[in-house]
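Chains as they are written, first to last, in this note's numbering: chain A, 1 to 247; chain B, 1 to 205.
Incorrect hints may have been included.
Derived list of chain A stretches under chain B, where covered just means 3 residues or more per stretch with a C-beta under 8 Å from a C-beta of chain B [stated by the list, open to error]: (1) 2–13; (2) 69–83.
Using 25 Å as the maximum straight-line C-alpha spacing, the simulated DMTMM-like pairs for lysine to aspartate or glutamate come out as follows [stated by the list, open to error]: (3) A/Lys-190 - A/Glu-28; (4) A/Lys-66 - B/Asp-110; (5) A/Lys-108 - B/Asp-110; (6) B/Lys-201 - A/Glu-138; (7) A/Lys-190 - B/Asp-110.
By construction, these hints were calculated from the structure, which means they are not laboratory data. Note that this is a predicted model, so its numbers are computed, not measured. Each residue gets a CB set at the ideal place from its N, CA and C atoms; glycine is no exception.
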Amino acid sequence: MTALVSFRNVSYRIGEREILRGINLDVEEGETVVLLGRSGSGKTTALRLVNGMVFPADGQVLVEGKPTPAWDPIRLKRRIGYVIQEAGLFPHFTVAANVGLVPRLEGKPPEAIALRARELLEQVGLPAEEFWSRHPRELSGGQRQRVGVARALAADPPLLLFDEPFGALDPVTRLGLERQFLGWRREFRKTSIFVTHDVREALLVGSRIGVLRNGSVQSLLTPQEFIHSPDPEIRTFLATLEWRPEE
Amino acid sequence: MRPELRTEILSLTAEHLRLVLISVSIAAAAGISLGVLMTRRARLRRFALAFANIMQTVPSLALFGFLVPVPLIGGIGESTAIVALVLYALLPILRNTLAGIEGIDPAVRDSAVAMGMTGWQLLRLVELPLAARTIFAGLRIAVVTTIGTATIAAAIGAGGLGVFIFRGVASVDTAQILAGAVPAALMALAADGGLGWIERKLSPG
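Using the sequences and the hints, build the whole thing.
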């Protein structure tokens, strides 16, 4: 079985500063790998290495067995759905145009795009009649993220990247979307890489979790293995779940 | 008003408008494309902005004068005037194109690239629509100032409403000066109002 995405001894530097060093990990088909890390741990960079927004200084990132620089850069990005914090929606596009963007870039016929956009909006819980011609500024934060997810799914990519997609939401909306994410995961059966700094979110959405620390990832653990790990950084993360005000 | 004066006002106004339209159209085509190129090439950006800035600092009468002896584009008449007016109109268009595109939220551009847009798609679908209002504002400034500057074109025989003004100054005839200045001022006001209206219609994004 070949991994959909493999990091082979990947390092990345900005100038002298080493952001990532010697990362090795395999993302198998169908799983959701969560990279958990504090702010500035290089989580976003790790995602950007996958869709060829940046390339490794050393080592290789393989997507479907092929190193990212060997891919046609446009092709690679269109094969990977990307959901960004604050959604990164186009402010001048309607919801429908945002969702249909990648199929439109691919030159699909307008009727097919409209059909697909309508179907996806329903699937992410935004009735098309109501949301079709709205602009992103007319949506709540949670609705924008839903549009972001629909947009990432539009071209039916085999791989999805989630860059703290729910990070800017209030805790209640956030939990709702995380639960929904599990539903989508079952429904769409996509392989996903999900980065977050929230250990609760990591345990909820991940099938395997890796902690990014000092620019590297030790190993990928299932949620069960994760909560029993003696690793100090993991214990520090888990401690954030246990805190309660004193009685 | 004497009928022949009225006819002359009308024909010089038309000539004036023609000078402005031709100059601003050329400046817009050059300024917007150069502005877009400048967002892609840092060296061109420094060079072109410096050039447009210097052009703006040359007194307009002097610029018209400088161009007359220049081969190919120089000489007496309309084409020389148009070259000078284009050089003047370039800066506001160039600057606003640059400001409009560079003012776009970097996250939006980043997400466009991550969606797999080509450079051309990024420009056509994201950058130009989001910068349209700012670019148009530059165009409006260019039109209004060109209407004023074009009165000086008469000094090198390009016609327009400046003909009245130069004639009036030479013969100390206030009525002649007003016959040139009033239509020019009205034209500037109308252009400013009309273009301002369109500008507000353009989506702020």
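Against the structure, the hints come out as follows:
no.	hint	verdict
1	2–13	violated (count 0)
2	69–83	holds (count 6)
3	A/Lys-190 - A/Glu-28	holds, 11 Å
4	A/Lys-66 - B/Asp-110	holds, 24 Å
5	A/Lys-108 - B/Asp-110	holds, 23 Å
6	B/Lys-201 - A/Glu-138	holds, 19 Å
7	A/Lys-190 - B/Asp-110	holds, 23 Å
Of the numbered hints given earlier, the model fails hint 1 alone.
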